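**Student:** So the chains spell out like this:
2 protein chains.
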Amino acid sequence: MFITANDPNRTSWLEVENSSDFPIQNIPFGVFITKDDVITIGTRIGNFAIDLSALQMLGYFKDIELTDDVFLQDSLNDFIAAGKKTWRAVRNRVAEIFDTKNDTLKNNQKHRDVIIFDIKDIEMQLPVLIGDYTDFYSSREHATNVGKMFRDPNNALLPNWLHIPVGYHGRSSTVVPSGVNIKRPMGQTLPKGESLPVFGPSKRVDFELETGFITTDGNLMGENIPVNQAEDYIFGMVLLNDWSARDIQTWEYVPLGPFLAKNFGTSISPWVVTLDALEPFRVASPTQNPAPLPYLQQKGDKAFDINLEVYITPKNAEGKLICQSNFKYLYWTMSQQLAHHTINGCKINSGDLMGSGTISGTEPTSFGSLLELTWGGTKPIEMPDGSTRTFIEDYDTITMKGYCQNNEIRIGFGEVSSMLLPATVTVK
Amino acid sequence: MFITANDPNRTSWLEVENSSDFPIQNIPFGVFITKDDVITIGTRIGNFAIDLSALQMLGYFKDIELTDDVFLQDSLNDFIAAGKKTWRAVRNRVAEIFDTKNDTLKNNQKHRDVIIFDIKDIEMQLPVLIGDYTDFYSSREHATNVGKMFRDPNNALLPNWLHIPVGYHGRSSTVVPSGVNIKRPMGQTLPKGESLPVFGPSKRVDFELETGFITTDGNLMGENIPVNQAEDYIFGMVLLNDWSARDIQTWEYVPLGPFLAKNFGTSISPWVVTLDALEPFRVASPTQNPAPLPYLQQKGDKAFDINLEVYITPKNAEGKLICQSNFKYLYWTMSQQLAHHTINGCKINSGDLMGSGTISGTEPTSFGSLLELTWGGTKPIEMPDGSTRTFIEDYDTITMKGYCQNNEIRIGFGEVSSMLLPATVTVK
Chain A
15 MFITANDPNR TSWLEVENSS DFPIQNIPFG VFITKDDVIT IGTRIGNFAI DLSALQMLGY
75 FKDIELTDDV FLQDSLNDFI AAGKKTWRAV RNRVAEIFDT KNDTLKNNQK HRDVIIFDIK
135 DIEMQLPVLI GDYTDFYSSR EHATNVGKMF RDPNNALLPN WLHIPVGYHG RSSTVVPSGV
195 NIKRPMGQTL PKGESLPVFG PSKRVDFELE TGFITTDGNL MGENIPVNQA EDYIFGMVLL
255 NDWSARDIQT WEYVPLGPFL AKNFGTSISP WVVTLDALEP FRVASPTQNP APLPYLQQKG
315 DKAFDINLEV YITPKNAEGK LICQSNFKYL YWTMSQQLAH HTINGCKINS GDLMGSGTIS
375 GTEPTSFGSL LELTWGGTKP IEMPDGSTRT FIEDYDTITM KGYCQNNEIR IGFGEVSSML
435 LPATVTVK
Chain B
15 MFITANDPNR TSWLEVENSS DFPIQNIPFG VFITKDDVIT IGTRIGNFAI DLSALQMLGY
75 FKDIELTDDV FLQDSLNDFI AAGKKTWRAV RNRVAEIFDT KNDTLKNNQK HRDVIIFDIK
135 DIEMQLPVLI GDYTDFYSSR EHATNVGKMF RDPNNALLPN WLHIPVGYHG RSSTVVPSGV
195 NIKRPMGQTL PKGESLPVFG PSKRVDFELE TGFITTDGNL MGENIPVNQA EDYIFGMVLL
255 NDWSARDIQT WEYVPLGPFL AKNFGTSISP WVVTLDALEP FRVASPTQNP APLPYLQQKG
315 DKAFDINLEV YITPKNAEGK LICQSNFKYL YWTMSQQLAH HTINGCKINS GDLMGSGTIS
375 GTEPTSFGSL LELTWGGTKP IEMPDGSTRT FIEDYDTITM KGYCQNNEIR IGFGEVSSML
435 LPATVTVK
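Protein sequence lines correspond, in order, to chains A and B.
Okay, so the first sequence: first residue is 15 according to my numbering, each after it adds one.
Okay, so the second sequence: first residue is 15 according to my numbering, each after it adds one.
These are calculated hints, taken from the structure and not from any lab test.
Since the model is a prediction, treat every value here as computed from it, not as a measurement.
A couple of the hints might just be wrong.
Since the list gives no way to pick out one identical chain from another, each pair is judged satisfied if it fits inside one copy or across any two copies.
Each computed SDA-like pair below joins lysine to any residue, with the alpha-carbon atoms no more than 20 Å apart [said to hold, decoys possible]: (1) K217 with L307; (2) K134 with G333; (3) K162 with V268; (4) K316 with L335; (5) K206 with W175; (6) K206 with L172; (7) K217 with E237; (8) K393 with V84; (9) K415 with D315; (10) K217 with D51; (11) K49 with T327.
Using the sequences provided together with the hints, build the complete structure.
**Tutor:** In C-alpha cells form, the structure reads like this:
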C-alpha cells in the first residue's frame with residue numbers, strides 16, 4: 015500500500031537540510047511548549063516545529079474527522095486513540111500543506127506566525143501519558159552476552175528464550191523525555207566475596223540502547239491481539255535509554271526480576287515516528303529456529319532497518335561513538351511482542367510504551383550496553399581525552415541516535431540525550 | 015494522636031448492624047455510579063452509600079479547603095493528592111454529620127434524598143486511576159513455602175530476602191474492582207519432562223491473598239521518602255487478589271520475573287480504608303534479624319492487626335472458608351516497602367497501588383494461596399459438595415474478606431469477590 019506522505023519525490027517549501035532526520039516524508043508526532051507557555055501537539059519538518067492545534071483551528075484539517083481539542087492536549091493519547099486511519103489522514107494532509115507545490119500556507123504570513131516555530135524556541139515534552147510500560151528482552155545477542163557473563167558460557171540462552179518474547183513490567187512514573195537528566199541511584203549492593211549487602215551510590219550505572227513502540231487501544235480485557243493484526247495497534251516508535259544500575263540489579267533480581275536497578279529513570283526521544291513513515295525500510299527479521307508456537311507465527315516482513323548509535327560525552331570534553339547497532343537484529347518483532355503480551359487477555363491502552371530490550375548485534379562494536387561493550391568492566395573504553403570508561407561517570411552525557419537511510423530519503427528519530435548527575439541522599 | 019472520627023463511643027443515626035465492616039468509625043472512600051448514572055466519590059456507613067459531592071454542594075464541607083469538583087470525579091486521585099490533612103478533615107466532618115447527636119442532615123429529607131443511597135442501588139467502581147502498580151513479596155512464610163517447593167527445601171529463602179523488601183512491577187491496565195470476573199488465561203507452559211512448550215489454557219490458576227495500599231504524591235524524581243515519614247504518603251488500604259497462573263509462571267519467570275502469569279487480572283476491594291481508621295489496630299511487625307540497613311530501620315509499630323479470610327465457592331454450591339491469615343504476619347511493613355521503593359529516587363504518584371505479596375502465616379490453614387494450601391497440588395482441598403480443589407476451577411468464585419476487631423469496634427474492608435470464567439481463544 016502506498017501512503018502519499020511517503021512519496022520520495024516530494025519536497026517542502028520549508029528548508030530541510032539533506033542530513034536532517036525530519037524531511038517532509040517523516041512527519042513525526044510530539045508534544046511541545048511554545049515560548050508563550052502554550053502546550054500543544056505538533057510535528058516537525060527540518061528545524062521547524064509545527065503546531066497542529068493551530069493548523070486545525072485555522073481550518074487546514076476541515077475534512078478530516080477530528081474532535082475539536084484533539085491537538086490541544088498535553089499528550090498524544092487522545093489522538094492515538096482515534097486510530098490508524100486518523101493518524102494517516104493527518105500525516106498525509108500535513109505533507110500536502112507543506113509541499114513545495116502548495117502555497118496556501120506558504121503565502122499566508124499571519125497563519126505561518128502562529129503555526130510554525132523555530133525548533134530552538136520550543137521545549138519538547140513527554141509525548142504520551144504512559145499507562146503501562148513494558149520492557150522486552152528480544153535481542154538474542156544481548157541475552158547471550160548476559161548469559162555468558164552471569165550464568166553458563168556454554169548454555170548462555172535460557173530454555174524459554176527461543177520460545178517466548180521474554181518481557182517484564184517497568185515503571186511509568188520515571189519515563190522522561192530527552193534532556194531531563196538522571197541522578198545516579200542509591201541502593202543495596204553485595205560486594206564481591208561478602209555475605210552482607212552495603213548501601214551507597216551505584217558504582218555500575220549503565221545505559222541500554224533500545225527502541226520503544228507506543229500502542230493504541232487494542233483489545234478488551236480477556237481478548238488478545240493476533241500477531242498479524244498487531245501493527246494496526248502500533249502508533250509509532252521512539253529511541254529509549256533503559257538506564258540500569260548493574261550492581262543493584264545483580265543483588266536484587268532473583269527471583270522477581272529487576273526493580274530498583276531500572277526504575278530510577280528511562281529516557282525516550284520526544285518525536286514519535288509512525289510505522290507509516292518507516293514503511294520504506296521494512297525488512298525481514300532473523301529466521302526463527304525452532305519455529306515459534308502458532309500464535310507467534312507472523313506473515314511477511316515485520317522488522318525495520320533502523321541504524322542506531324550511542325555516544326558518550328564527558329563534561330566539557332569530546333564525545334565518542336561507542337556503539338553502532340541496528341533495530342533489524344532483534345530476534346522477536348514488535349508484532350510478536352504485542353501478540354505475546356495480549357495472548358492471556360492483558361489489556362493494552364492508548365499511550366502504553368513497550369521497550370525492545372537492549373539491541374546488540376554480533377560484532378563487539380554493536381553491543382548495546384557498557385556491560386557488554388566493556389565485558390563486565392574488564393575491557394575499558396578509551397576516551398578522546400585519555401580517560402577510560404567501564405561504566406558511566408558522573409556528568410557523562412549518553413546520546414542515542416537512530417535513522418533509516420536509502421538512496422532516496424532519510425527518516426530519523428533525532429536523539430535521546432541525558433546527563434548522569436551525582437547521587438544525593440535525603441535519607442532521614 | 016487522637017482522631018475524632020475514631021471515637022469508639024460515637025454512634026450514627028444511620029442504622030448499622032453490629033457485624034458491619036462499616037460503622038461510623040470507618041468512613042472509607044470509594045467511587046460509585048448511582049441509579050441515575052452519575053459517577054461520584056463517596057463513603058459508606060452500614061449499608062448506605064453517601065455521595066460526598068452532594069454533601070459538598072449542599073455546603074456540609076464549607077470550612078474545609080477543597081476544590082469545587084474534587085468529589086465530582088471518576089477516581090480518588092485528586093482528593094488523595096490534596097494530602098493527609100484534607101483526608102482527615104473530611105473524614106472527621108463526615109463522622110460529625112452522621113453522629114447520633116447531630117440532626118441537621120437527619121432532619122432534612124430533601125438533602126437526604128440526594129446524599130444517601132441504599133448500597134444495593136449503586137455500583138462500585140475502581141477507586142483510583144492507577145499510574146503504577148507494584149507488587150511486593152513480603153511474607154517470610156510465603157517466600158519460604160515457595161522456596162521449599164521450587165528451589166531448595168533446606169535453603170528456602172534466597173540470600174537477598176532478609177535484606178530487601180523484594181518487589182516487582184505489575185500491570186495497571188488489568189486491575190479491576192470486586193465483581194468484575196476474570197477469564198482463565200491462555201499461554202505457554204512446559205509439560206513435566208518435556209523440552210518443548212505447549213499452548214493452551216492455564217491448568218493451575220491460583221489466587222494470592224494480599225492487601226494493597228494506595229499512595230499520594232510523595233517525592234520528586236531523584237528524591238526518596240524516609241521510612242519514618244512513609245505513612246504520611248499512604249492514603250489507605252484495600253484487599254487484593256493477585257490472580258496467578260502457576261504453570262505459565264514456572265515457564266516464563268526466569269530471569270525477568272512473572273509477566274503473563276500475573277497480568278491477566280488483579281482484583282481489589284472497592285472501599286479504601288484509611289490508615290487513620292486502622293489506627294486503633296496498630297501493632298508491632300515481626301522482629302527483624304538481621305537488622306535491616308539503616309534506611310529501612312523504622313521507629314514504633316508499623317503493622318496493623320487485620321484478620322484476612324479466603325472463601326472458594328463453586329457455581330450453585332456451598333462455599334468453604336479455606337484460609338485464615340493476618341496482615342500483621344508480614345515481615346516487611348508498608349513503610350519499609352515505600353522507603354525501599356523510593357531509595358533510588360523512583361517517583362511515587364497519587365493513586366499508585368502497592369500490593370503486599372501473598373500473606374501467609376505459620377499454620378497450614380493460614381497459607382494465602384492454593385499453591386501453598388494444597389502444597390503444589392499434592393493435597394487437594396475437599397469441598398462441601400464432595401468435589402476437590404487443587405487449583406481454581408471454571409466458575410469458582412474467590413472471595414477475600416478483611417476486618418479488624420477489638421472489644422469496642424470492628425473496622426472492615428468488605429470483600430473482593432470475583433468468578434473465574436473459562437478460557438476463550440481469539441487467535442487468528
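**Student:** Confirm or reject each hint.
**Tutor:** Status of the hints after comparison with the structure:
1. K217 with L307: between (41 Å within a copy, 18 Å between copies)
2. K134 with G333: For K134 and G333, the Cα distance exceeds 20 Å both inside one copy (22 Å) and across copies (67 Å).
3. K162 with V268: Both: 17 Å inside a chain and 15 Å across chains, each within 20 Å.
4. K316 with L335: Close neither inside one copy (28 Å) nor across copies (51 Å); limit 20 Å.
5. K206 with W175: Classified as between; 18 Å across copies, 28 Å inside a copy.
6. K206 with L172: The answer is between: 17 Å across copies meets 20 Å, while 25 Å in one copy does not.
7. K217 with E237: between (44 Å within a copy, 18 Å between copies)
8. K393 with V84: For K393 and V84, neither the intra-copy (51 Å) nor the inter-copy (57 Å) Cα distance is at most 20 Å.
9. K415 with D315: neither (24 Å within a copy, 51 Å between copies)
10. K217 with D51: For K217 and D51, neither the intra-copy (39 Å) nor the inter-copy (55 Å) Cα distance is at most 20 Å.
11. K49 with T327: Answer is neither; intra-copy 29 Å and inter-copy 61 Å both fail.
When held up to the earlier numbered hints, the structure conflicts with 2, 4, 8, 9, 10 and 11 and fits the remainder.
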